[in-house]
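Full structure from sequences and hints, please.
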Amino acid sequence: MTAQMTRRQFFKVTAGGVASVGLGALGLSPEQVQAATRPFKLERTTEARNICPYCSVSCGVLMYSIGDKAKNVKAEIIHIEGDPDNPVNRGTLCPKGAGLLDMIHSPNRLKYPEVREAGTSEWKRISWDEAITRIATHMRADRDANFQAKNADGVTVNRWQSAGFLASSAASNEAGYLTNKVLRGLGMTAIDTQARI
Amino acid sequence: MASLAPTFGRGAMTNHWVDIKNADLVLIMGGNAAEAHPCGFKWVIEAKKTRSAKLVVVDPRFTRSAAVADFYAPIRVGSDIAFLSGVINYLLTNDKINHEYVQAYTNAGYLINTGYTFNEGMFSGYDEAKRSYDNTTWKYQMDEATGFAKIDYSMQDPQCVLQLMKQHFAPYTPEVVSKVTGTPQKDYEKILEMMGECAKPNKVMTILYALGWTQHSVGSQNIRTMALIQLLLGNIGMAGGGINALRGHANVQGITDMCLIGASLPGYLANPTDKEATLAQFIEAKTPKLLQAGQMNYWSNYSKFFVSHLKSMYGPNATAENQFGYDWMPKIDGAQDVLALFERMHQGKLTGFFCQGFNPLASVPHAAKLGQALAKLKYLVVMDPLTTETSEFWKAHGEYHDVKPEEVQTEVFRLPANLFAEQEGSFTNSGRVIQWRWSGADAPGETKGDAEIMAALFLKLRDMYADGQGANSEPLKKLHWPYRIPNKPSPEELAKEVSGVALADVLDLKDPTKVLAKAGEQLAGFAQLRDDGSTSCGNWIYSGSWSQVGNLMARRDNSDPSGLGQTLNWGFAWPANRRILYNRASCDANGKPWDAKRTVIKWVGDKWTGNDIPDIRPDAPPAEVSPFIMNPEGVARLFAFAGMKEGPLPVHYEPFESPLAENPMFPSNAKAKNNPAARVFPGDQENFGTADAYPFVATTYRLVEHFHFWTKHSWLNAVTQPEQFVEIGEELAKSKGIAHGDKVRVSSKRGKIEAVAVVTKRIPTLQVNGKPTHTVGIPIHWGFKGVTRPGYLTNVLTPYVGDANVQTPEFKAFLVNIEKV
Ligand code: SF4
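Sequences listed follow chains A and B, in order.
Quick note: the first sequence uses the UniProt record's numbering, first residue 1, plus one each step.
Quick note: the second sequence uses the UniProt record's numbering, first residue 1, plus one each step.
Since the hints were derived computationally from the structure, they do not count as laboratory data.
Incorrect hints may appear among the rest.
As the list claims (entries may be wrong) - Chain A side only, calculated, beta carbon under 7 Å to chain B, not exhaustive:
1) Pro113
2) Asn158
3) Ser172
Unchecked claim - Only some residues are given here: those of chain A computed to face chain B with a beta carbon under 7 Å:
4) Tyr54
5) Cys55
6) Ser65
7) Val88
8) Asn108
9) Ser121
10) Ala131
11) Val155
12) Thr156
13) Gly176
14) Asn180
15) Val182
Idealized CB from N, CA, C, for every residue including glycine.
This is the structure in structure tokens:
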């Protein structure tokens, strides 16, 4: 690795133009790069295996984080690369996946519950407790007003149609399963997901 | 996937990513895998390199997939069915079909009701007022003596499916197809020849498609037309073959499998409707009757899957006496797709709305209508890792989003959700392989996981309803909530619940002295499910993913002894760890592989064995049991007598916004211009534009640097593709005086966007029906939130109409005008 370029910058450059910029064009040989970097930067990291959350190729990724998982220490990911063991991507990532680290650290990530009161023009930070209580209060009032236990023919239908839910295709199967369980458990039927779009 | 289930019995990608390397011919149409699924596309290159496979790309643009293709042909957006129908016509008239396969594994010889007709673009049974068909006349002729469907194995009877198909597709000659699609005839004929080659038993074609086929008012039929081709060529079930739907989001397959869709329950079970008042009525209505002797008719196990699901919902509260809690499950009334939901919201019929990792203002058509609809809500809850446009629909963002906050009375909550890197649990890739993921970091601030947020809302409501007041709270009080930390159900607990557990000893049905699973044990798979309440299983197709052996989704043995790329010990593929669906069809009628070099499974005298989990009962004799075990006739349906709203065979209809005055296939029938069974809401018809005011064909698409509306929040992606642009061909640019780099305004009947013009040779002008037709290409990735430069949501332009079967919006074909700003 040259002094002018860190491993991370190197990844950025190559990832941005995987198709057009070869390593040779940067004046680097892959051996040099590999030999020089990993021990320095990733030595004190913890590795976790995950999957790129973008397209449905579902490339395996290795994520390296610092922070030893001790209490009061937040683990932070400092590097992500393709998982060479994954039989589908075999270590590769595309330009979308190459930016994963910047997604995790995006300045636009939400950190706290917020509310925008009716008719106002700003967000206001609130606690989880307040958020959940206020939302559940809305849900209950709506459900109590619009729940249908039986239809006109006397068939038990137990449905609540006046609230809708769009479910995430970036959620895990387990979170999706629980979401479904809760929604149908409450009697909701107005449910859709990103399968169509 | 509403096209694949009515054809094959299951609605999913048949093969998997690595298997693409086994193909001889790869068709990419209705997708652009090199940009949208780059690391999967690598396997196309592998096929080219290692077995000299050929790649054919058909697309309105010369895409990055086209750039490495052996052959590229342009096509007008929205004319894919005409293109593919011409292929069927060619295969049938030139006898380029795998006869033995077609005869034994499809319904080609089945006789159809004599009342069935097709005239001037319409099938028998149309009700114009309802815009829907009564499909009675599309059914099989039944043999009264046996109770099974009638078959003419010689496939000569004029009422048999093969003969009906010959008639139906005859008008799609190369001349006609070229006129309708704009594909030059000599290019088209070259592709016909290349595809025809694959009728040989040892030549296999695969097709990779994505939203370019689904996002049309005829989306499901686009795919079905291709499915028909693959069946005629005998390519379904083969290694390197199949029909491969490249799904969009990372876990869209998994979330679809979990059926977060109003009309279905996990594992593609139906959600009960008002018509099925009791559990017995529901099971009776959903269990298909056997249509041919000796077939597996796997859905005959419906009651086992469904009752096991009810047990996962209501646990010990679900008993035989209370129909396993059937009454607590809400019954659906009418359409529940996103277009129907926003229509109801627009009419003021919804009070509250939740968006979990979903940004509808950006990803649903006709953004102006959506904004009006959201403003009618009392409360909106957005759960997302990022600041989405939807969460700020009430906020003014200059020219990109012009609203007055004081006029919007919706109370909006924004809850921070974590991202993939901070979660544990499983994702299902496009090829149905479920893989476990581990968390690598703590989420920022007070962020919570999706499951934790749902648990918090549920537990709060359950507490509130402890007062016994208000609407019926019995269903939610009976919901089974066995989690060790109630407000934080763990991924492990949930995964085990999804996979299934024995509640009492599960006995072997053939030999009740044998215990297959002891009470409390994880089940080995769906064959162990029972309908007497002795098993619980959240999602039957995932059954066995966490067996008594452990978490099979977390397996990481990538060994591949067959060399076919099956990696059976990597993760877990549904169903039953099977990697290639319908793999029984990879062998001939005697159980011998069509191509021994690509043996998926084979019959060895007393059982099926090989390089995959057989998609057939392991001891089913090849001559007796047919390969499509989910269909009650055991064969695939070239002719879909049920399940397709607009007809049993595909027909070319124009997009709802078409540059042509009529459907060139049926110029004298105005009713057959667009899909006669597609749903159009009142008010939306008037919002469709016509070619006089909006003369250019537009289509939306994705770029390799971005993923939907997410990566505009990520610096690296924003740097590589910072600013909104549209692409136009040189001829159009010249006629409109637009130069490369100019700012242009693109407008549709519904709205306008402004962006930089990229003038390119990659978008050709096509001759359609004797007239030059220009295409405007619109990448979708910008919006008024993000670290990219602000841009317009593309969906201010798109029309509010969807596919007739699943309501996928018609994002890929509409009309616009373009001017220099
Ligand atoms: S890295 Fe690229 S190809 Fe791989 S899953 Fe992510 S978006 Fe898809």
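Which earlier hints can't be squared with this structure? Violated: none.
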